[in-house]
Amino acid sequence: MGRSELTDTLIAGLLRGNVYALGAVGISLVFGVMNVVNFAQFSFFGLGAMLSWFFVSELGLPFYIALPLVLLICAALGFVINISVVRPLAKYLPLAAMLSTYAVSQILDNVSQIAFTAQFQVFPEVLPTSNLAIGSTRFGTSDVVMLGTTVVIMAAMALFLKYGKIGRAIRATSQDQEAALQMGIPVGLVQNVSFVIASALGGLAGVFIALYVGVANPGSGLNIGLTAFVAATLGGLGSLVGAVVGGFVLGILEAFGIHFFGDTARQIIVFVVLIVVLIVRPGGLFGKVPLLSAEPLTGTFLGKGRPLRIPRWVWPVAFVVLGVAVPVFGSNYVLTTGTQVLIYAIIAAGFTVTAGQAGVLALGQAGPIAIGAYMSAVLTLYLGFSFWIALPLSGLVAAIVASILASPIWGVKGHYISIATLGLGIAIVAVIQLVFPQGLYNIPVPTFFGTPLSTPLAYYLIDFVVLVITLVIMWRLRRSHLGKVISSVGADEVAALASGVRGRNYKALAFAVSAFFAGVGGSLLAHQYTYIDPTIFTMMMSLLVVTIVILGGVGLSYGAVIGSIILIGAMELLRFTPELRIIVYGLVLILVVRFRPGGILVRKS
Amino acid sequence: MKKILRRAAATSLATLAIMGLAACSTAENAAGGGGSGSADGTVYFGVSAAQTGQYAQYGQQFKEAFDLAVDEVNANGGINGKKVALKYEDSQSDPKQSVAVAQKFVGDPDISLVFGDYSSAASIPASPIYTQGQLVQYGFNNSNPDFTAKGSDYQWSTSITTTATYVWTADYIKKQGINTVGLTYLNTADWGIPAYNAFKGEAEKIGLTIVDAEGVLDTSDDYRPSLSKAVAGNPDAFVHLGYGPDAAKIVTQLRAIGYDKTFYGGQDEQSFDGTPDAEGSVIAAQFIETNPDADVQKFVAAFRAKYPNETAVTSFEAGAYDALYVAVAAAKAGGTTRAGILDGFKQVKDVPSVVYGTITLDPSTRRVANPELTPTILTGGKWVAAS
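Protein sequences, first through last, are from chains A and B.
Just add 69 to wherever you are in the first sequence, counting from 1, and you've got my numbering.
Just add 3 to wherever you are in the second sequence, counting from 1, and you've got my numbering.
Bound-form chain A, shown alone (with noise of 0.2 Å):
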């Protein structure tokens, strides 16, 4: 690596990290405020982008006009984004907060996609991007531009959080808001105007990104968004200082990685930078861990949902429904969307025990259905495995494979553990893609005595058996001395503890008990699909697995059912109306969280 080529990796990093700090800063700052991990953040990276095209290519409005008015509305809408979802959710359940977040990002990235089309834009080059030269690497005025920008707004900000009187009482509340409330902080007003800042540096962010990047989409802001993310993460949510050196720390890393891996290795080394990072000290480089820190799911629903009680006739029926009535009067589209519904059913069922029981948000489950698939596949196709074989021998290896890889990161807590998930599922799927570059095709349909079961009907029965059977496991475990044990552990970990229980290995069991059901679900969606490559198993899929936990209460394995027939169902359903299907699909999502916060169902404590 030559003088010239270490600088120009070094100016690339130090470029990319200073988006990368910009979004990170926002999200840390409202994780501390309300400790809520806001998804909508992502949509203002795209917002920015797309507004800010919008302002100067279209209106013709000048850079200078153009950039104050994208902070404006982006500070707006973040002002009503608080007040009308996050807010009144975040006092209580920040789960359903992060949720509705979910869904007012899928709102926001499909309302700029109406506006703005979803074309990528080409921006225009406000700035020289090319004019200076240190030694024999080049750079522009705009790059000093925004790195420049970025130290000044840093330091206002360590300025403002330093002495502003309201800066102060932001500092006050993210350390402690109820103490805070007692002092008589307007903790309201702190996170209104954290959040406020929050969405300006988002928008910020976008228009660098437009600016740095030259072409931009509403969806440019999910990549970079989840990069702040983990950024912040690696920093320690709630710590500025933290978000902006993770931010340049990934930033550079990043670049180098790249240099010597490849592009592909980006988010391996993303991740694994992140999870090395959390094993050796568990709140990032510069967050604190509490010493009594709350999981994110740890008891949050058992004392707040209020239970819907189910009558003792609604088991048959709904067997009866399932299993007799949809099978004989569907018709084949109705079967065919019915497989979908009950294998994401079967996968976070299984979930439930990791998510319910063990309190634990994994948020990568894409990894272990990835593995299921690809093993399946591989078995069939190669080994010669029959399908029967195949199923259950995929969720082992799921199971085990998931297992080894997530074993150092259970010492890790509260949001970080979900971070770090989320990293190991994504990092499994770019692994996967090294192996398997190309997709794998005619992955063998399963068969009865030579009979291809490969009809909408024998799908739809294959799954509903292997939905059936994991809810009787999940019913059984969750009554065993064993499912008890691990629910103590979710219920109030410190008290497992000190009676004696470990919770790290209950939660690994637990995990390897959902990345069972993920393999297993992974294969049963292989041998339908009849091919797979890793542009399936998505950051998305494994969202949707833990939305579904979610809205079908977070404890319950047949709330996962419920909940997969109206996320799976109800994307089928809107069909009517294409263009809103997806802004009306965030709206009920928004409903339903703000009618029933702990979940459709839940079970009584």
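These aren't lab readings, by the way, just hints derived from the structure by calculation.
Certain hints may be false.
[As the list claims (entries may be wrong)] In silico DMTMM-like cross-links for lysine to aspartate or glutamate, where the CA-CA straight-line distance does not exceed 20 Å:
1. B:Lys203 with B:Asp239
2. B:Lys90 with A:Glu648
3. B:Lys264 with A:Glu74
4. B:Lys66 with A:Glu648
5. B:Lys352 with B:Asp298
6. B:Lys86 with B:Glu67
7. B:Lys335 with B:Asp365
8. B:Lys208 with B:Asp174
[Claimed, not checked] For the chain B half of the interface with chain A, some residues (derived, Cβ under 7 Å), not all of them:
9. Gln57
10. Gln63
11. Lys99
12. Ala192
13. Leu220
14. Ser223
15. Ser229
16. Ser231
17. Ser274
18. Gly277
19. Thr278
Backbone N, C-alpha and C fix where the C-beta goes; we use that ideal spot for every residue, glycine too.
For this one, chain A is given, so just place chain B on it according to the hints.
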């Protein structure tokens, strides 16, 4: 009040769940042997594509071209007097939804052919369903050779395969007197890797040296670390095997780090065409809107008249426009039933095309026989055929 609210919420949720369960069970229950046309004699084609989500841009381009072609066909007497109409279903190019869409189309007796989907990950999982429903799945945009090669009799495509495109590209670059290239390719299973393998294989054969090849992702925004490595040996030219938006980012950043030799790559697509640094880029084009050919000019003029806000007419629109005419030709040749259209596809010959001049399908590969490409240069934001 609270109680009422709670009850209302519970009721609405229950309703929602029931509706979700019954998701369109109002729809058909008539599978198999369909496609004999609807009651009023209209011939329906289905379109499975992304209208929302990550790939919505392409779905939008397809729709505009399809709608234009349908208008023209109907104005000129339809299919032997029968009107043509399209039924769109949004798949978000997500396999979870594309299989449901496939089943919906298969079960809809009006549908006699389906266009789509966009990506391999959405198209290929739906293929067995179309095959079982004996419904032609016309993946007009599927350049992945395996879509047809590993598919059944019911998968057809008029997209030139990735392999053919990049073998041709490597030959063309070598003919320009270039001996060394730096290269980036999209590290994707369905498109980028087959493209790179085809290019590399041909380059080795003809003595074109690839000094460094970097796999990149189209979802990345910053390619500088890969690029500074790829041009470290100062190659004669730079090649990017990818799509328009990623090529736009790459060429911008390539120029920003000071590399100024010819860029072979990009795509006739709005964001790439409008990127100032893309000027002078060279690609092997299937379609260019500046092509003086009368059919092309007629199409471009009609497209602009119908969609005055669109700044560019690209190969995406052209491919979809052609596809509708090919489907109509097949229906005219074999009849408007599902079986008739399949039969018609085997006979498609010399159908006028804005991409290839004329299209003749090869029933053994279910692709276009002998597709031709044109070297084109981006000049002043427009693609112009190289002399």
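Now the hints, each set against the structure:
1. Of the supplied pair hints, the one linking B:Lys203 and B:Asp239 holds, its CA atoms being roughly 16 Å apart against a limit of 20 Å.
2. With a C-alpha separation of about 15 Å, the suggested pairing of B:Lys90 with A:Glu648 holds against the 20 Å cut-off.
3. Under the criterion of a C-alpha separation no larger than 20 Å, the hint pairing B:Lys264 with A:Glu74 is consistent with the structure, at around 18 Å.
4. Between B:Lys66 and A:Glu648 the CA atoms are separated by roughly 13 Å; this keeps the pair inside 20 Å, and the hint holds.
5. For a cut-off of 20 Å, the pair hint linking B:Lys352 to B:Asp298 stands: about 17 Å separates their Cα positions.
6. For a cut-off of 20 Å, the pair hint linking B:Lys86 to B:Glu67 stands: about 18 Å separates their Cα positions.
7. Simply put, B:Lys335 and B:Asp365 have alpha-carbon atoms about 18 Å apart, close enough for the 20 Å limit, and the pair holds.
8. Pair hint B:Lys208 plus B:Asp174 holds up; C-alpha atoms about 10 Å apart against a cutoff of 20 Å.
9. The interface hint given for B:Gln57 holds, since its Cβ lies 6 Å from the closest Cβ of chain A, which is under the 7 Å cut-off.
10. At about 6 Å, the closest approach between the beta carbon of B:Gln63 and any beta carbon in chain A falls short of 7 Å, and the interface hint on this residue holds.
11. Contact between B:Lys99 and chain A, as hinted, is supported at the beta carbon level, the nearest pair being about 5 Å apart and thus within 7 Å.
12. With a least beta-carbon distance of about 4 Å to chain A, the hint placing B:Ala192 at the interface is held under the 7 Å criterion.
13. Interface restraint check for B:Leu220: the shortest CB-CB distance to chain A comes to about 5 Å, inside 7 Å, so the restraint holds.
14. Taking 7 Å as the C-beta contact cut-off toward chain A, the hint placing B:Ser223 at the interface holds, the least distance being around 6 Å.
15. A least Cβ separation of about 5 Å between B:Ser229 and chain A falls short of the 7 Å threshold, and the interface hint therefore holds.
16. A cut of 7 Å between beta carbons decides the hint on B:Ser231: the least distance to chain A is about 4 Å, and the hint holds.
17. A distance limit of 7 Å between C-beta atoms decides the matter here; for B:Ser274 the minimum to chain A is near 4 Å, and the interface restraint holds.
18. Of the supplied interface hints, the one on B:Gly277 holds, with its beta-carbon coming within about 4 Å of a beta-carbon of chain A, less than 7 Å.
19. Contact between B:Thr278 and chain A, as hinted, is supported at the beta carbon level, the nearest pair being about 5 Å apart and thus within 7 Å.
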